[in-house]
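Whole structure, please, built from the sequences with the hints as guidance.
Taken in sequence, the protein lines are chains Y and U.
Residue numbers are given in my numbering: position 68 of the first sequence equals residue 68, and the series is strictly consecutive.
So my numbering is basically just the index in the second sequence, starting at one, shifted up by 1000.
Hints listed in this document are in silico derivations from the structure and should not be mistaken for laboratory results.
Keep in mind that a hint or two might mislead.
Examples of chain Y residues toward chain U, derived with CB under 7 Å [what the hints assert, rightly or not]: (1) S35; (2) L38; (3) A39; (4) T42; (5) F49; (6) I51; (7) D52; (8) E55; (9) I58.
Just so it is clear, the structure is predicted and the values come from calculations on it, not from any experiment.
Positions of the beta carbon are idealized from the N, C-alpha and C atoms, including for glycine.
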Amino acid sequence: MENKVKQIIHKINEQIDIETINHNSHLKNDLGLDSLNLAMLTVEIEDEFDIDIFENGIVNTFGEIMEILNTQ
Amino acid sequence: MIFWKHNNKAISYEQFLNDVNSKVEDDSPYGYFVNLISSMVTNKKFKNISELIKYLKINSDDITINLKTSGTTGKPKEINQSLKNTIRGVKYTEELHKWAFAYNHTHFAGLQVFFQAFLNQQEIVYLFDTDLELIPNVLNNNKITHMSCTPTFMKMLLPYIEENKTISNLSFGGEKFDVSNIEKIKNKFPNAKIKNIYASSEAGSILTSDGEYFKIPNKFKNEIKIVNNELFIHKNLLGDMIVKLIDDVWYPTGDLVKYVDNNRFMIENRKSDMINVGGYKVNPSKVESVIKDIPYVQDVLITSKRNSVMGNIVVAKIIASKKLLPDENTIREKIKTTDKLKNYERPLKIEFIDSFDLTDTGKVKRI
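Take a look at the structure:
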């Protein structure tokens, strides 16, 4: 699941190296995703896992995404 | 007296007046307002800012503002709105408010904030392009008292706000207010009175609400009416423009409302097909025409999908040319390389389909 999410992030911004993404990676500050990128991230993750990760507020890090996906 | 602050640079009202008098060319948001005021006063020169403001107020009936809007009927249009109509919602006060400017400056809502602050000689801190993380400090350090923004802007900002006690008035405009956030907003801005504003480029600011519900104000009870849940505005409240009127007097706004009791109602959605992406209006027809020009595309339908980050996103349903295999990345790349679509106009979701669903009357279903 983790690899799939990393691939989605890479698809949104190809300049992001999958190897560098870890649980502490900040989506905006470290990975450079803007609000439209984040909107696309929700769409892609929802398509793949049927979960809206931003439903209950803003998610900041890669680890927080995995936490939401793992608890569902 | 400070008029405008942006990225640690402060410009006084005196400097603004000098720039208006000498018509300084400048592409920045500040320059936009210099040009706007210059165009209103043509070649007149003013000794001080109070004299300029007095002139604008006295002549507001005769001064015309040329506004370019994204258009509620689908086509971009130019509106000649009298200054009087544009500033109808301005409240005059002696109090020294400090405004956070959180709209795109060319948006009608941005214009409203500008005039509210400017005509009262209040300070404006421009933070529309400021990094969200830095905004809490900008609000505190500048002791901002008033802020108006789109609900989407607030939603994006909210996680970065711990608690703001300086803001006493918080208003929302530009798109439908998401009620689910109101408790969070109240907690993070404990001293703020929260208002929702209904304004259109055609009529200016005409309705305000406490929280989510609107009421037709007594002063407009003969000029605003609701028929079959649609909001209609009397031509007396409209700018000098050509619109299709019903019975020669009523302008159908395309906004649908839902009554919660005899007097109060909420704005539900628009009748038109315009897609609201984070406060920006996207015209599906424009996006369709750009994507149709891509070689792999035989036909395309642009629709919207609810999104927890942007409110809505643009979705493209594409029928690909039979000669080539549909490939999402290729289409995305082609869209990116055309300079005809702004970031928010680009489809974030691309689906390939064999044919479009049709309605009973044979029209393409947009939902």
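For each hint, the structure was consulted:
With a least beta-carbon distance of about 6 Å to chain U, the hint placing Y/S35 at the interface is held under the 7 Å criterion. Checking Y/L38 against chain U by beta carbon gives a least distance of about 5 Å; that is within 7 Å, so the hint holds. Satisfaction of the interface hint for Y/A39 is found here, the shortest Cβ-Cβ separation to chain U being roughly 4 Å, below the 7 Å cut-off. At about 6 Å, the closest approach between the beta carbon of Y/T42 and any beta carbon in chain U falls short of 7 Å, and the interface hint on this residue holds.
Look at Y/F49: its Cβ only gets to about 14 Å from chain U, farther than 7 Å, so that hint breaks. Annotation: interface hint on Y/I51 violated; nearest CB of chain U at approximately 11 Å, more than 7 Å. For the restraint placing Y/D52 at the interface with chain U, the shortest Cβ-Cβ distance is roughly 5 Å, inside the 7 Å limit, so the hint holds. Because the smallest distance between the Cβ of Y/E55 and any Cβ of chain U comes to about 5 Å, under 7 Å, the interface hint for this residue holds.
With a least beta-carbon distance of about 4 Å to chain U, the hint placing Y/I58 at the interface is held under the 7 Å criterion.
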